[in-house]
Amino acid sequence: RSSVGRCHRHLSHTSAWWCGDCPKNLTHCFRYGCVIAEGLTRRILTANKQLPGPAIQVCENDILVVDVVNRLPGQGVAIHWRGQKQSESPYMDGVPMLTQCPISSYTTFQYKFRAAQAGTHLWHSHTGNEFLDGIFGPLIVRKADRVEEQRALYDVDDRNHILVLNEWGSGSAGDFPILVNGVFHKDKLMPKLTVSPGLRYRVRVVHAGGGNSCPFYVSIQNHEMLVIALDGKSIKPVNTKTVQINQGERFDFVLSAYA
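Mapped onto UniProt numbering, the consecutive letters of the sequence shown carry residue numbers 1 to 259.
Treat the hints loosely; a few may be bogus.
Taking lysine-lysine and the DSSO-like style, the derived pairs with C-alpha atoms no more than 30 Å apart in a straight line are [to be verified]:
(1) 49 / 24
(2) 192 / 241
(3) 233 / 143
(4) 112 / 143
(5) 143 / 241
(6) 85 / 112
By construction, these hints were calculated from the structure, which means they are not laboratory data.
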């Protein structure tokens, strides 16, 4: 089985004209190409005009095929697939000047590899500081239910229950707001996890990094988290109220929705 995607690298702007009357008109905020971030206008780099970039969600041992189209003028790019060992395809690891030359401007490079390591992972640019400007996204590799060690601990594994965290530099010294799925954490557009009382939900959290590489402390108000996986690997479940997560790290937890 193969999963095929096409990924375009663009030079964009946050809160640009295609956002229309956002946030006064919330429907405008969800237009294609509208990147909110912390609400200030600045030049950024995006994958498919999204921040974070597209979530890639496949099954364990799928063959992943991604065409990266570099539309950045005068700037090379390479994409690293964090969490994938690339045992069968070392030249697909996306490390510039080591496993490949950077993808030149206005050219296309095809990554093709087996998604052999299940779990919650991360893809990001590995050239310069491009990931600081928005070229990153989650890579989710799911096991079949019959071999998923933690499957009895949750009822729902929703494709939308992914939280991508990153520091976001707006250009001001010392000013690095925290974005959650590309939105400032104090904004009324903050992403919401939709749950039904009485059910247990698997939630995936990714620290995509930022200028200061600071750790984040993650908690859910009035709820405990049952942590079941770290960096894609299942662990002995641990109940906790707060998790510290560093740049590039991921963890999965089960949220019990109270009736």
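Results for each hint:
1. 49 / 24: holds (21 Å)
2. 192 / 241: holds (19 Å)
3. 233 / 143: holds (11 Å)
4. 112 / 143: holds (20 Å)
5. 143 / 241: At roughly 27 Å apart (the allowed maximum being 30 Å), residue 241 and residue 143 satisfy the hint.
6. 85 / 112: holds (13 Å)
Hint check: no violations occur; every hint is consistent with the structure.
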